[in-house]
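With the hints as a guide, bring the two chains together.
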Amino acid sequence: MMIIKNKTVMEDDWIVLRLSESDTPENVAIPSGKVIVPLKVWQAQRDTLQRRTDLGVWLASDQRAEDLQNDLEALSLIAVDFPKFADGRGYSIAYRLRARFGYHGELRAIGDVLRDQLFYMQRVGFNAFAPRPDKDIHDALKGLSDFSLSYQASADEALPLFRRVQRGSGP
Amino acid sequence: MYRYDKYDHQIVGERVAQFRDQVRRRLSGELSEDEFRILRLQNGLYMQIHAYMLRIAVPYGLVSAAQMRMFAHIARKYDRDYGHFTTRQNIQYNWIKLEEVPDLMADLASVEMHGNQTSGNCIRNITSDEFAGVARDEIVDPRPYAEILRQWSTFHPEFAYLPRKFKIAITGATEDRAAIAVHDIGMAAVKNAQGEIGFRVLVGGGLGRTPIVGSEICDFVPWQHAITYLESIVRVYNEYGRRDNIYKARIKILVKALGIEEFKRQVEADWQFTKDGPCTITLAELNRVAACFTAPAYETLPLYDAAVSELQAENKAFANWCKRNVKPHKVSGYAAVMLSLKKTGTAPGDATAEQMDAAAELAERFSFGELRITHMQNLVLADVKQSDLIALWQAAKTLGMATPNIGLLTDIICCPGGDFCSLANARSIPLAKAIAERFDNIDFQHDIGEIELNMSGCMNACGHHHVGHIGILGVDKDGTEWNQVSIGGAQGNETSIGKVIGRAFTFAQIPEVVARLLQVYVRERFEDERFIDTVRRIGHDPFKEYVYATPVEEDEKLASADYALLTAGTPYDTPLYSPRF
Ligand code: SF4
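Top to bottom, those sequences are chains A and B.
Going by the numbering used here, the letters in the first sequence line up with residues 1 to 171, in that order.
Going by the numbering used here, the letters in the second sequence line up with residues 1 to 581, in that order.
Pulled out of the complex, with its shape left as it was, chain B reads as follows (with noise of 0.2 Å):
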C-alpha cells in the first residue's frame, strides 16, 4: 500500500498542529461555533445527536493491520470500544470529545492516517473497488490514480468551499464495484486500442434528494490528463454551481440544468489551459507511486486445496461460507475473503475494538498485513491461500465475522440512522435489526440468493437505499417516524434507481413488508434468477400488488415500546429495539 514520504507526513503534521490551534481557539471561544463549524467538518468532525462523531478518512478503503489496531486504539481511548465502516469506506466514531480531538488525530497521523476532507463541501476521500489489484477482471488497477488524485484533491486552495461535498470514485476493473455512476465523478480505467491507459470519466451522478446516474463527459481521458481533467470539472462547478439552494447544489443539478454537451464544452474550454501544462502526471510520479502497489510475495500453489474441498462436502456452515465469504482471487490458490459485519444483533458496518484488533491479526497472519473495507460496509483480507481458509474461518467464527451472507438478504447496507444522526427522520439500525432478525435463516437466505437491502434514515441516502434491490427510506409524517419501500435499484454496471412500491409504513411493518416482496419473488422467479432481475423482467406492479392486497400487520414485538428507554428521553416514541441502546 502507499506509505508516506516525508513530505507527506509534513503535510499531516501541519494539519494536525492547525486543527489542535482550531479546537484551542474554539474552546476559548476566539472562534464563533458558525466560524469552526466548516473548520471542523473539514477534518471530519460532525456535531451528532449525543456527541462529536468522526469520520476517519480510508483512502480507498485500503488499511494496513498496524492502522486497523489504531483504530482499534481509537475505540478504546477516544470513544465507547467501537466504531462504524461507512459506504465511503471509511470508519467513524460517535462519542468523541471536542478536546480530545487533536490528540487522536495525532495518534492517527503516527499511521500515515486523518480525518481531512471526510466532510464539508470539499472532495471527500476516494473510494475505489475492493478488490483492486485482485481481482480476475481487473483492467487496471485503480490504486495509484486514486492515490495521486487523493494527494491533489488534498487541501486543494481552490476546491474547499464548494456548493457542496464532492464525491469521486474509481475502478479499473470490468464490473463495477465502486457504485460509479452515483457520485460526482465516476472514472473506470480502460485501455484504448492501442493499449494506453485512461479513464471513462462520468459526472453528474449521485444519490440523495434527487438520485441521478451519472452522464459520459469523456469516454477517455489519458491518464496522463487525470489531474487537469478533474480539475477544469470541479473549477466549472464552484463557479456556475448553485449556490441559492443547499438541495440543488450539488453537480449532478449543474450538469442536468446545463445539459452534458454544453457543461463538457465549458470544463474543456477550460482545460484546454491547462491540458499538456506542469500538473499533467509523469510517468516517473505515476511509477513512483504504483511501486507501493507491486503484488506481495505470493506462492506457486494449485487452483484449490483438497482439504478446502473434502471440508466443504461434510460441513455444510463452511460450504455456505466459501460459497458467500470467499472471492475469485486472480492468483491460482489464493482468494479474497470478506469479513461479514452483518451478524445478525449487531449493528451493520459495526465493529468493536476486540474485533479490530483481531482483524489486524487475521491480516497478518492470512494476508499480507493489509484489509480493505468495502462500500457493503464488510471487511476483506484480500490475499489469502486457499490452504489457510479453514483455519481463518475458524478464527473469523469465533470473532463473530464469519457470517456467510454476503450478497444475501441480511447484509444489509445500513446507515447511523435515528440512533446517533441529527438529520435522521427514522432509526436505520434497530430496522435492520428486526429485519436480519426475522431472515435469519440461512438457508432461507441461500434460497432467496443475492439481494441487497440498503437503508437509509434520511433523504440523504447515506446507506444507498436508491440502489439497493429493495430500498428503505426513513421519512417523517408530523414528526413521526415512518418508511418508505422502493424495489428495483441496483449499482455497478447496470445502475438503476429504484422505485417507491406505494405509501409509507410504520417500523413494525416493515419486516412483514419483505416478507411479501420476497414472496412475490419466490412464486414469480425463474431458475436462478436473482431478485433484481425478476424485479425487471415482471415490472413493480405484482409486488405493489400483494404488499398492500391486505392490511400489514404489525410485529407484535417490534410495536411495544420500551418504556425504560422511554423515560430516558430518547427521541422516539416508539421503542429503539437497538443493539446500541
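The following block holds chain A by itself, in its conformation from the complex (with noise of 0.2 Å):
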C-alpha cells in the first residue's frame, strides 16, 4: 500500500493489527514481518514482541503517549488511529511522543486520516501519514504544504513566529 512519509508518497509493507472480535491481546497471533499491533497486544506480549526488530504500536485516540513512554527505543514506529477525522485527541498524542517524551522514530497517521488535516498533523509531529485509501494519496500529499508559516511552536517548530523572526509594525 502507498503512504505519505516524510513529504513523499511511496510504497510500504507495514501492516496494521487490529483485533477481531474474537481475539485478545494476549492470544493474538502476530504475522510476522513489519506489523503494527495494538498497544494492548504490545502490552500483553511484551516478552516474546520485544524480540522483534520490525515492531510498530500503535495508540488509539483514547490511549495515552504515557503509556509508550518506557518503550520508545524498543520500537520502530508508533501510530496514531484516528478513529473520526474531527477526534482531535491523536494530535496531543502526538505532540507529547515528541516535544515531552522525545520520540524521534516514524510517527505514522492511520485511520480517517485525510488531506485538509495532514498540515496539523505533521506540525504535531507525524512525518508518516496513511491516507484513508479511497482518497487519492498524490492529492492528499498537497496538504502538507497549505501553509508557509504559523504563529506558534508545536514540535515541528520550537520557537513561535516572534521568537523565529524580526516581526514588523504594519504593513
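It should be emphasised that the hints constitute simulated quantities derived from the structure, not laboratory data.
Every clue listed holds true.
In silico lysine to aspartate or glutamate, DMTMM-like type, Cα no more than 25 Å apart, as pairs:
{"no.": "1", "chain 1": "B", "residue 1": "K316", "chain 2": "B", "residue 2": "E437"}
{"no.": "2", "chain 1": "A", "residue 1": "K84", "chain 2": "B", "residue 2": "E30"}
{"no.": "3", "chain 1": "B", "residue 1": "K256", "chain 2": "A", "residue 2": "D87"}
{"no.": "4", "chain 1": "B", "residue 1": "K275", "chain 2": "A", "residue 2": "E66"}
{"no.": "5", "chain 1": "B", "residue 1": "K323", "chain 2": "B", "residue 2": "D388"}
{"no.": "6", "chain 1": "A", "residue 1": "K84", "chain 2": "B", "residue 2": "E33"}
{"no.": "7", "chain 1": "A", "residue 1": "K135", "chain 2": "B", "residue 2": "E30"}
{"no.": "8", "chain 1": "B", "residue 1": "K77", "chain 2": "B", "residue 2": "D357"}
{"no.": "9", "chain 1": "A", "residue 1": "K7", "chain 2": "B", "residue 2": "E14"}
{"no.": "10", "chain 1": "B", "residue 1": "K97", "chain 2": "B", "residue 2": "E14"}
{"no.": "11", "chain 1": "B", "residue 1": "K316", "chain 2": "B", "residue 2": "D440"}
{"no.": "12", "chain 1": "B", "residue 1": "K165", "chain 2": "A", "residue 2": "D87"}
{"no.": "13", "chain 1": "A", "residue 1": "K142", "chain 2": "B", "residue 2": "E30"}
{"no.": "14", "chain 1": "B", "residue 1": "K256", "chain 2": "A", "residue 2": "D62"}
{"no.": "15", "chain 1": "B", "residue 1": "K397", "chain 2": "B", "residue 2": "E437"}
{"no.": "16", "chain 1": "B", "residue 1": "K6", "chain 2": "A", "residue 2": "E157"}
{"no.": "17", "chain 1": "B", "residue 1": "K248", "chain 2": "A", "residue 2": "D87"}
{"no.": "18", "chain 1": "B", "residue 1": "K165", "chain 2": "A", "residue 2": "D62"}
{"no.": "19", "chain 1": "B", "residue 1": "K343", "chain 2": "B", "residue 2": "E437"}
{"no.": "20", "chain 1": "A", "residue 1": "K135", "chain 2": "B", "residue 2": "E33"}
{"no.": "21", "chain 1": "A", "residue 1": "K5", "chain 2": "B", "residue 2": "D21"}
{"no.": "22", "chain 1": "A", "residue 1": "K142", "chain 2": "B", "residue 2": "D21"}
{"no.": "23", "chain 1": "B", "residue 1": "K275", "chain 2": "A", "residue 2": "D156"}
{"no.": "24", "chain 1": "B", "residue 1": "K97", "chain 2": "A", "residue 2": "D146"}
{"no.": "25", "chain 1": "A", "residue 1": "K142", "chain 2": "B", "residue 2": "E33"}
{"no.": "26", "chain 1": "A", "residue 1": "K5", "chain 2": "B", "residue 2": "E30"}
{"no.": "27", "chain 1": "A", "residue 1": "K7", "chain 2": "B", "residue 2": "D21"}
Have a look at this one:
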C-alpha cells in the first residue's frame, strides 16, 4: 500500500493489526514481517514482541502517549489512530510523544486520515500518513503545504513566530 | 489598533487560498459534505434555514472605519444589505452563496479580517471589554494580551479538533464587562503587590444546556506565561474532555467532574514542561503589539462642554441620550458613545449597509477612525470629544442609532432564533420586536431603569438568557414554540444564573408576562434599586405568584396568524411578526 512519508508518496509494507471480536490481546497471533500492533497487544505480549526488530505499536485516540513512554527505544514505529478525523486527541498524543518524550522514530497517522488535516498533523509531529484508501494520495500530499508559516511553536517548530523572525509594526 | 505585518498578511492570505481550494473541491464533489462541514465551520460558514451564514471575526470587538465599510460592502455585494452583530462581538451575514465565499474572504483579507475560527470545535474569537483603553476603572489594557492570544490560538495545530467549541474572554478593568465568568476561560488582568501584571484565570464557565459560573484556577498567572498556561489548560481539555456526548463535551463538564483542584493539578503538571520555555511571551513582543494600542492624540479639554450642559437642560431627548448612551472616559473632555442597534421595530444587533457606512464616517469624524462592537450588540465610538456630542447625537438620530435605551428594557440581547437559525425552538427577533413595541415609551423605560433582558431561541444560549435579569428561552413542546422565563441572572462581577419562574408561555403571552414582572418590581422597589437588586432582595416568589395569579391573556395582534407568510411555507404555525420577513 502507498503512504506519505517524509513528504513523499511511497510504497509501504507495514501491516496494521486490528483485533477482531474473537481476539484477545494475549492470544492474538502476530503475523511475521512488519506489523503495527495495538497497544494492548504490545502490553500483553511484550516479552516475545520486544525480540522483534520490526515492530510498531499503535495507540487508539483514548490511549495515552505516557503508556509508551518507556518503550520508545524498542519500537521502530508508533502510529496513532484517528477513528474519525474530527477526533482531535491524536494531535495531543503526537505532541507529547515528540515534545515531551523526545521520540524520534517514525510517527504515523492511521485511520480517518484526510488531506485537510495533514498540515496540522505534520505540525504536531507526524512524519508519516496513511490516508484513507478511497482518497487520492497525491492529492492528499498537497495538504502538507497549505501554509508556509505558523504563529505557534509545536513539535515541528520549537519557537513561536515572535522569537523566529523580526516582526513588524504594520504592513 | 493592531495592524497586520507581512507575516499576518501571509498567514491570512494562505488561509484564503486554502479555503478557496476546499470550496472548489466541495463544489466538484471531491469533498463530501461531511468532510467539508468541519472545514467550512472553521472558516465561519454555517448552513442555516435559508442559506449559508457567514460569521466574521472581530478580534476583541475592535474595528477600523475601513473595516466597517468593508462590512457594508459585504452586505451589499454578497448579502441582502444588512448584517447582524453578535454577542461575541462578531458580525454575521445570513444569505451567503458558497461559491462566492472565497472572493468574500479575499475582500476581507484586504482589510486584515477573516472568518477563521468563528465556529467549529476550536478556540474561538477572543472577546474583551468594549471600553478597553478608555475605561476609567481600567487596571491594564487587555487588548495587547488579547491580540497575542489571538495569534497563538490562530490555526493552533493541536487544538483544531477539540471536544467542543472553546471561548476565551479577557478584561482589564475592575468592573467585568466581558462576562468572563461564563467563558471556557475568563481572564482578568490584575497587578500584584509589586505592581507586576498578571491574570486571574477562571475556567469552566459557560451557558448553554448546563450554565456554570467559572472557577478560579489561578489567582495570578504572570503575563509572560499566558500562552503556556492557557496551552496546558486546552491540552488537558483536548485529551480528557468528553467526546461521547455533545452536551457534556464543554470544558465546564470536565472541570466539574474532576473538581477544580484536580483539574488545576493536571494543568500545572503539564505546564511545568513549558513554563519559562520558548513560548514565554517576551517583553519585545508585548511592546511591539502594545505599540498598536497607544492612546490617540487627545486634546487638552475641560471636563464638560458648556453647550452640552445647556442643551441637556432644555432638550429632554438629548438629556436622555446623554444619560444612557454617553459613557465616562478616562481623559478629561472625552466620552465613549454608544450607537444603539436596538431601535424598536428592528432586529436587535442588525445594521444596514447604509448604517455601517455612516457609522464608519462618524468614527472618522468623531472618534479617530475606530469603532467597537459590544457583546450587548451595540456599537461604540470610544473617543468622542464632549464638544462633539451634539453634532454626533444629531447625526446618529438621522441614522436611527440614537435610541436612548442603552442598558434599559429595550436594549435586548437577542439571538437570530427561528428567523434564521436551524437550531431554534422559537423566534427571538419577532419576540424582541413585540416586547420593544409594548414598552417603547422611553419615559417608562427610564423609570424602570437599568435592566437586562436577554433572549435565546434555544438551549445553546447565544442570547445569554441565563445571565439576563430577565431571560427568555425558546423551548419546544410537541413541535410548537414556547418560551420559558427566568429572572435573577446577571453578568459581570456578580454573575448569577437566572432561575425559571414556572411553566412556559406562548409567544403572544410574553409581553404581558414581562409587564407583570415589572409591576412587581415597581411595587416592591426601594428608591433607586435596580430590578436585579429587587429580585435578589425579595426572591423569586413574589414575581412568580403575581405572574401566575391570573391567566395571562395573549396579545391579540401577536396571536393572529399572518396568512400570507404561512402560505409562503414558513416553518411556524404562528405569525412571524418579524422585521425581517
Ligand atoms: S441560541 Fe439557539 S436559536 Fe439562538 S442563535 Fe444560538 S443556536 Fe440559534
